[in-house]
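Protein chains in written order, with the working numbering: chain A, 1 to 327; chain B, 1 to 247.
Hints were generated in silico from the structure; no laboratory data involved.
Small disclaimer: the values here were computed from a predicted structure and weren't measured.
Do not take every clue at face value.
[Claimed, not checked] Just a few of them, taken from the derived set where beta-carbon distance is under 8 Å, the chain B residues facing chain A:
#1 141
#2 142
#3 145
#4 148
#5 151
#6 163
#7 164
#8 237
#9 239
#10 242
[To be verified] To list a few chain B residues with every Cβ distance to chain A over 12 Å, as calculated:
#11 45
#12 48
#13 62
#14 200
[Stated by the list, open to error] The calculated label-pair distances, taken between Cβ atoms and stated as ranges, are:
#15 A/126 x B/81: 38 to 44 Å
#16 B/234 x A/182: 42 to 48 Å
#17 B/90 x A/50: 41 to 47 Å
Note that CB positions come from ideal geometry on N, CA and C, so glycine has one too.
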Amino acid sequence: MVKRYPGRDRAAVQELTFEVPPGEICVLIGPSGCGKTTALKMVNRLISISDGDITIDGQSVRQLELTQLRRRIGYVFQQIGLFPHMSVESNIGSVPRLLGWSKTRIRERASELLELVGLDPEGDLKRYPGEFSGGQQQRIGVARAMAADPPIMLMDEPFGAIDPIARDRLQNDFLRLHQQVRKTVIFVTHDIDEAVKMGDRIAVMRDGRLEQLATADDLLASPANEFVASFVGEDRGLKRLRVRTLHDIELEPADNGRPAPDGAVEIDTSLHYAFSRMLAEGVSRIPVKDGDGQPRGFATVEAITALIAPHREAPSAAAPAPTTHES
Amino acid sequence: MSLAVHPLLAAGGGPVIPTFGRASNCVVQNHQFCASWVSDNWSAVFQPALVQHIVLTLIAVGVGMVISFVAAIFAYRHTWFETPFSMTAAFLYTIPSLALFELLVQVTGINRFTVEVGLVSYTLLILFRNTLTGLRGVPAATIEAARAMGLTERQTLLRIELPLAAPAIMAGLRIATVTTISLATVAAYIGGGGLGALIFNAIQSGFKTEFVAAGALAIILAMVADLLLVLVQRALTPWARRRLAPS
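Please put together the full structure from these sequences, using the hints given.
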């Protein structure tokens, strides 16, 4: 798809082509003015498409009637945009009401969604948006976007204006929610950490062009060019630790027959967490257990390094002696 | 005595006494305020004038609101329309009321229609400005959310923009109503009737009780109308007072 604005030499979005598999979260990321929000808004035609096309399940968005198209796409954005004069229930019920749902059905749906996004269906339905904090308002915003169970959700820096602690919780809650409902999500952000955390795949954009489309792990492991490398950051090795778990590394065998020692970390834990534990405890190996508490072995710094930088010779974690270097 | 005597005074026989005969001492001596005269004459004099005054005001504000509302919505969609309309309304607003009524009489004669034209023209500026300001004050994010949800332009106006503009519209309506109640007393000059007629009457006759009572009624009417509109506003916008307590 292409977006051109009259009077501008360069198109805001230039021949951008990508595909989002159903049920995935695809993150669009890039510096300000790279066209990521423009691209997002072309999907529900808040911004018109100059050239090219966007298809949903093979159907062109240009052929669908505008209101019909939009009612099937959930939209969440940074400014939230709740209707201040409507109760939480009416806010969530906005699209269902347009679709002609009954009052009872809308109420049930609103209750269900409030619970899903972590608010209180008993007390909060009748309150007004102004009575909630920013983080809570965005939870309502997410609930409203999902009200009519749209297969697709567009999220434009949804957690960008929320304080870091609440943002982290919202991200986690949204990921958990996504596990349950499996919407196809296009998620715009300029925060690489958020992209790495949220995205099944990440599309890095610059000047209206797609620079690289890859999973978070691939993006961090092998940036396609200088721009992507600098955008994901010097510390991309560290960031990769967040997207990989202890499943992904070679564990040293467990001590046979012994139960997992106290302080063992679960195998589903991110390498980032396991590594910070090692740093904090000043050790180079840490016991690992599975979900049932059975010992699985030991994670070592060498194993982590080998995964993150396989092409380099793994340095010995236990303070390499100069002699080993020379030999 | 070659001095021209006002018919009312002549009819009264005395210098200031409107109802000769069984008038109380208070009336005969023309005290500042005679409550008994007011209560005796309530249904014959004050009640009809009050009702007339209310009708004058309702028609003026109602017609003014319809015109301003349509104009404001048009100006909201078509920005170019704002300047000519508000300039016209502002021009009308600056004409002194007596002069405006006098001018209108030349065109439409001494009648109720002329009075209403005058009163309506004074409501336009405030109602138009407030309605337009209210509509423009709707946050862009709210409108974007409405569009993204698939509300049509009309649905957005009716369900989102107008309800959110309601506080500003109601504020304009309050000012316009109070102003019109006050201005309508002047309209008696060209046969508008209402409480103004009693005041003009009292000025000419010098009968203080009628003057004070009619003036007070106009003030009370304005205050009551304002209070009622506040209550309506509160009923219409329960959300405006329910906010997160600042932490």
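Query - Least C-beta distance between residue 62 of chain B and chain A, which was stated to exceed 12 Å - result: At roughly 24 Å from the nearest Cβ of chain A, residue 62 of chain B sits farther out than 12 Å, so the non-interface label holds.
**Report entry** Supplied contact hint for residue 239 of chain B, tested at 8 Å Cβ to chain A
**Finding:** Because about 4 Å separates residue 239 of chain B from the closest Cβ in chain A, which is inside the 8 Å limit, the hint holds.
Requested in this report: Identify whether the interface hint at residue 164 of chain B stands, where standing means a beta carbon of chain A within less than 8 Å of its own.
Outcome: The hint holds - residue 164 of chain B has a Cβ within 8 Å of chain A, the shortest such distance being about 6 Å.
Query raised in the report: At a threshold of 8 Å, is the proposed contact between residue 237 of chain B and chain A supported by beta-carbon distances?
Result: holds, 7 Å
Query - Satisfaction of the residue 142 of chain B interface hint, Cβ to chain A closer than 8 Å - result: holds, 5 Å
Query raised in the report: Given residue 148 of chain B as an interface hint, is the shortest Cβ-Cβ distance to chain A below 8 Å?
Result: holds, 4 Å
Query raised in the report: When the nearest CB of chain A is found for residue 242 of chain B, is that gap smaller than 8 Å?
Result: holds, 5 Å
Requested in this report: Answer holds if the nearest beta-carbon of chain A is closer than 8 Å to that of residue 163 of chain B; otherwise answer violated.
Outcome: Nearest chain A Cβ about 5 Å off; hint holds.
**Report entry** residue 126 of chain A versus residue 81 of chain B beta-carbon gap, inside 38 to 44 Å or not
**Finding:** Once the Cβ atoms are compared, 40 Å apart, the range 38 to 44 Å for residue 81 of chain B and residue 126 of chain A holds.
Query raised in the report: Does residue 151 of chain B pass the interface check with chain A, least Cβ-Cβ distance below 8 Å?
Result: holds, 7 Å
Query raised in the report: Has the hinted range 42 to 48 Å been met by the Cβ atoms of residue 234 of chain B and residue 182 of chain A?
Result: Holds, since residue 234 of chain B and residue 182 of chain A (Cβ atoms, about 45 Å apart) stay within the stated range.
Query raised in the report: residue 48 of chain B clear of chain A by more than 12 Å, beta carbon to beta carbon?
Result: The assertion about residue 48 of chain B holds, with a minimum of 41 Å to chain A.
The structure is consistent with each of the numbered hints, conforming to all of them.
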